[in-house]
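A.B. asks: This is what each chain is made of:
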Amino acid sequence: MSVTRAVKAAGVAVLLGAGILMGLYAPTARADFEAGWRAYQRGDFPGALEAWRPLADAGDARAQFNIGVMYDEGRGVALDRAQAIQWWTKAAGQGDAEAQHNLALALIEGTGLSQDYDRAVFWLEKAADQGLVRSQYSLGKMFSYGFGVPKDLNRAFRWIEKAAKKGFDKAQYNLGKIYRDGQGVDDDAEASTRWFLAAARQGNAKAQNQAGIRLARGTGIAKDEVRGLMWLTLATRQTHPGAIGNRKKLARKLSSEQRAQAERLADAWAPAPSHGG
Amino acid sequence: MIGRRCLLAITLACLAALPATGAGAAERTSPQQAAQFLEKMATETLAVLRDQGATLDQREAKVRQVMRENFDLPKIGRFVLGKAWRKATPEQRAEYQRLFSEFVLRTYAKRLGGYAGETFKIIKAGPLGKRDALVSTEIGRSGGPPLVAGWRIRGGPKGYKILDVIIAGISMIATQRSEFRALVSRQGVDGLIEALRLRVGKFPVKAS
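Residue numbers (the working numbering), protein chains in the order written: chain B, 269 to 545; chain L, 10 to 217.
By construction, these hints were calculated from the structure, which means they are not laboratory data. Using N, Cα and C, we set each Cβ at its ideal position, and we do this for glycine too. There could be a bad hint or two in this list.
What the hints assert, rightly or not - Derived Cβ-Cβ restraints for the label pairs, each shown as a range:
#1 187(L) - 525(B): 51 to 59 Å
#2 216(L) - 539(B): 44 to 52 Å
#3 426(B) - 149(L): 48 to 56 Å
To be verified - Take a look, some chain B residues computed to stay more than 10 Å from chain L by CB distance:
#4 354
#5 361
#6 435
#7 462
#8 525
Unchecked claim - One-sided excerpt, in silico: chain B residues whose CB lies under 10 Å from chain L:
#9 337
#10 376
#11 399
#12 402
#13 413
With the sequences and hints as input, model every part of the structure.
C.D. replies: Next up, the structure:
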């Protein structure tokens, strides 16, 4: 066997070996990750950390994300927001959208008294661009309050609209308010009522209160006092503070038959499946 | 020998944190009864945690429920907001209290709950300030050093309620108060409410 052939053969052996190792690595990593998850569910947080730590060190974004959560919540480790931020930064840099989202929120929270809104907005935008609904909504709120960015109601509107269209109830409620008040977009009573109703159907108490008021008055929708009372009843059952008074006021105007009908509708009501929350 | 120093730190943190709220005929809270109250809550909580038939989410939801019943969250919320409470509108107050409760319950259920093999031991109980009792406890966990926690408890017409938790010498309400004060001074009460909303929106650990 010539030297070159020997080298070639050795090279093939190395490649084969590497291939086998890589082939083995993936299932092992999966098993370790799952073992960590099972330990976590049992409440064995040190066990979860033990399983995830080597994976995280080897660059597994999911494990990095999960360890970040453990530090953020102080589970199995002393609560340490700086460590959480470090782990989430690693996973976020690899494109993990949930890590980008949590990292942004941790930067808003800050360690101790220092916040970093600029970096928070940077990561929220990354996660929002990847389609994460909660990030789109949070980013909209950052623009509407001017946290870390110049206040920009139109951009706030666009991000919140994106999240609302994907079915996120909080975004739908906010979009209802935006259209009602004409913030960053022309006011539009019909659109406002439509979005309040969308969130109300998912069980959002504040939206149920708004939907009730608007149906009772016929704002942006045909007047329907019985349905209005149904929504106010549902919001009241969730102890929404404003709805209690609104419901009483409307109930006084209606016949006992209408009130009974609204009550029946409220009893039969069930929330639509929620999205994105 | 879980340190005297720790206990001292707890006591000092407590004294610093919650000045006597100006109620007139203040009744002193019996430390022994406060300890019994805490013991009962701990027993209830540990039973929830040992229930491995329930998922972690379910166990934590139950821990939150136990906490909601035993913490005086409205009072804690008002105290933590400080002077800004008086200037807040009724709507702001209602929304803040709702979010603050959710934030506290989630944070503390996660920090105190969820652990397998958790044990709970009362180390001592004594008076704190004019009205309250301070019960010091040791919470043991498998695979980690025990956690020393102090509980500030006040008796009243509605029974006993927890007003503060002091972990490693740090008072929960004093920490929150200074953090919130900084936020309110920069962004106002609405800004604080928004920040609380963002905080309860993080993602939990991934299953895959």
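A.B. asks: Give a verdict on every hint.
C.D. replies: Quick rundown of the hints versus the structure:
no.	hint	in the structure
1	187(L) - 525(B): 51 to 59 Å	holds, 57 Å
2	216(L) - 539(B): 44 to 52 Å	violated, 25 Å
3	426(B) - 149(L): 48 to 56 Å	holds, 52 Å
4	354	holds, 16 Å
5	361	holds, 17 Å
6	435	holds, 16 Å
7	462	holds, 23 Å
8	525	holds, 33 Å
9	337	holds, 5 Å
10	376	holds, 6 Å
11	399	violated, 14 Å
12	402	holds, 6 Å
13	413	holds, 6 Å
Comparing the model with each earlier hint shows violations of hints 2, 11; every other hint is respected.
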